[in-house]
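Please model the entire structure based on the sequences and the hints provided.
So you can see what is in the structure, the chains are spelled out below.
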Amino acid sequence: MSDRVTGGKCAACGTVNYPRRLVCSNCGGETFESVEIGGQGKVLTYTDVYALAIDYETRYLRLAIVELDDGVRVTGQLLDDDPTLGKRVKTTIGVVREPGEKKILGLQFVPA
Amino acid sequence: MKPVYIAGAGMTKFGRAEWSLIRLASEASLAALHHANLGEIPVDGVVVANMGAARVNKQTALGSALVDQLALCPATAEAVENGPASGASAFKVGCQAIASGMADVVLVTGVERMRTVNGLEGTDFVASLSHPEAEYIYGVTLPSLAGMFARLVMDRFGVERKHLAMVAIKNHDNATKNPYAHIQQTVTMEGILTAPEAIVNNPPIAEPLHMFDCCPVSDGAASVVLVSEDVAGNLGGSKVRVAGIGQATDTHAVHDREDPTDLKAVRLASERAFAMAGLAPSDVDVAELHDAFTILEIVESEAAGFFPRGEGHLALERGETALGGALPINPSGGLKAKGHPVGATGVAHLVELTWQLRGEAEGRQIDGAEVGYACNFGGFGNNVVATVLRREAE
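Chains L and P, in that order, give the protein sequences. Position one of the first sequence corresponds to residue 1 (the numbering used here), numbered consecutively onward. Position one of the second sequence corresponds to residue 1001 (the numbering used here), numbered consecutively onward.
Hints were generated in silico from the structure; no laboratory data involved. Just so it is clear, the structure is predicted and the values come from calculations on it, not from any experiment. Glycine included, every Cβ here is placed at the ideal spot set by N, Cα and C. Keep in mind that a hint or two might mislead.
On the chain P side, residues computed to face chain L include the following (Cβ under 8 Å) [unchecked claim]:
{"id": "1", "residue": "Val1117"}
{"id": "2", "residue": "Leu1120"}
{"id": "3", "residue": "Glu1121"}
{"id": "4", "residue": "Ala1127"}
{"id": "5", "residue": "Ala1134"}
{"id": "6", "residue": "Glu1135"}
{"id": "7", "residue": "Gly1147"}
{"id": "8", "residue": "Ile1205"}
{"id": "9", "residue": "Ala1253"}
{"id": "10", "residue": "Pro1260"}
{"id": "11", "residue": "Leu1323"}
So, in C-alpha cells, the structure goes:
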C-alpha cells in the first residue's frame, strides 16, 4: 500500500511516462527518475459506472480522466457531486479498492 | 505471400449455452467443416481463439482439446489469447500458416463461455485487460472506458443519445433476421429513449451509456476453414479470398493517448488491411464492426475510412448504414444484438462476411456483396485487427 502515485520522468527528454514503462514512449530512453503524480488539473471526461467489477459494494462509481496542469493525464475516482467537463480539480490520495482485507490507495479528484 | 481463401464458415447460436466450452467450439467447427465440404482433404492445423477460459471455465490449452474432440490428431493445434481481438488474431495466425506455405487447410475457431459466472465476475474478467496500476485498481471496467469515451465524443462531435439509440434499433432489427443472434427482439426510440418509462426499460450502465448501448453477455462459438489456392481450386464453388489483414496497437491505458477520441489503432489497422487488399473503403459493400458499445460503431465507421471524422452519426441518421443503405453495417445484428462471446466475436464477423459474400445470408443478404470489411477491437482500442474479404469469380 503506497500513499503516493509515481510516474517515470525520462532522463533524456523529460517526458513523464504514466503509467511507468521501462522505455520512454517519446524518445526510447531507458533511464528514469521517479516523480510524484498529482496536483491540479481539469476533468477531460467522466462517467458514473453501474457495471462494476468485484470488490465494490457501492451502487455506482464516478470515474474520470483528468489532465493535470503539467500535461500528464491520469485516471482516477472523481469525488464531486456536480461534475462537468473541464471543471478544475485537484488530486488527493485515498482508498480506491478494497479486495478482501486489503486497501489499495490511489488517485481521487476533488474540486480545486 | 500465397493467397488464402475461406472455404467454409459456421457458428453456434449465441446466447446462454447448455453445452460445455469445448462442445461449443466443436459444434461451430463441425458446421464450418461441413460447409467447406473438404472430403478427403486433411486439416493441417487448428487455431482456437479465446479470452477467458483459464479464469472463467478453469480450462487451458484449448487447441489441444479441440483437435482431439474433432479427431484431427496429429494436426497442429494452438490457442490465441488477445483480449477481445482474439478471434481475428487467431484468424490472422491461420492465414499466416497458409500464406507461408506451412499449411494448406487450417480451422480457426473462436469460443467463449462466460455466462457460467455471475455478472460481477464476468465484468471483472474482461476488466482485467485494463492497465493493472493505472486503471483497474480504480474500478475501471470496459463499460466505464466506453462511457468516458462516449461523453468526450458526444461533446466534441455533436453525437446525441438518439444517435446511440439508432445504432441499437438498427442492430436489433438486423438480429431478428439472423437465427444465430442472441437477442431476437426489436427496440424502439420511444421504448429506450423518449417515453417516460424509457429510464426503467433502459437504465444507465456507464453514463451517458445505458443498457441498450451495451452488448449482452453471451456464450457461443464461430469457425472458419482457411485453405490454400490449390485446395480452393479443388473444392470449386464460391471463392472468398482473404484480401487484406491489418493490425495495429495503441497505449495500454486509454488516458495515455494523445487524443482519447481518436481510435488510432482502428485507423492504422484499416489502412494496412486496405493497402494489402489493394482496395479502398469506398469499395466495401458490407461491414461488420465491433459495437460492444453503440458509440463504437459510430466512431469505428469513421476510423475505418467509411465516413469523415465526426460524421459517422450523420451517415447513420441518413440510413446509409442500414440494410438497404449504401454501406450496411452489422447486418448480423452486431455485438449489440447478435451477442459478444468475446473470443468468438472476431471469427463471427468473418463468418457473417463469408455468408454475405457467398450470397447465403438469407433474410439479411446484401445483394451482390463482393467486398466485406471487419473490425475486431481489442482492449479499449489498444489492439485492433481489420480484415478485408473479397469474392472472386468462380
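Hints, verified against the model:
1. The restraint placing valine 1117 of chain P at the interface with chain L is violated, with a minimum CB-CB distance near 10 Å, outside the 8 Å limit.
2. Among the interface hints, the one on leucine 1120 of chain P holds; its C-beta lies about 5 Å from the nearest C-beta in chain L, closer than the 8 Å criterion.
3. Interface restraint check: glutamate 1121 of chain P against chain L, minimum CB-CB distance 7 Å, threshold 8 Å, status holds.
4. At its closest, the beta carbon of alanine 1127 of chain P sits 5 Å from a beta carbon of chain L; the interface hint therefore holds under the 8 Å criterion.
5. The closest approach between the C-beta of alanine 1134 of chain P and any C-beta of chain L is roughly 4 Å, which is under the 8 Å cut-off, so the hint is satisfied.
6. Nearest Cβ of chain L to the Cβ of glutamate 1135 of chain P: about 5 Å, under the 8 Å cut. The hint holds.
7. Hint status for glycine 1147 of chain P relative to chain L: holds, with the closest Cβ pair at about 3 Å, below 8 Å.
8. A hinted interface residue such as isoleucine 1205 of chain P counts as satisfied when its beta carbon comes closer than 8 Å to some beta carbon of chain L; here the least separation is about 5 Å, so the hint holds.
9. Annotation: alanine 1253 of chain P was flagged as interfacial toward chain L, and the flag holds, the nearest CB pair being 6 Å apart, inside 8 Å.
10. Here the hint on proline 1260 of chain P is kept, as its CB sits about 7 Å from the closest CB of chain L, short of 8 Å.
11. For leucine 1323 of chain P, the interface hint is violated, the least distance from its beta-carbon to any beta-carbon of chain L being 30 Å, above 8 Å.
Comparing the model with each numbered hint stated earlier shows that hints 1 and 11 do not hold.
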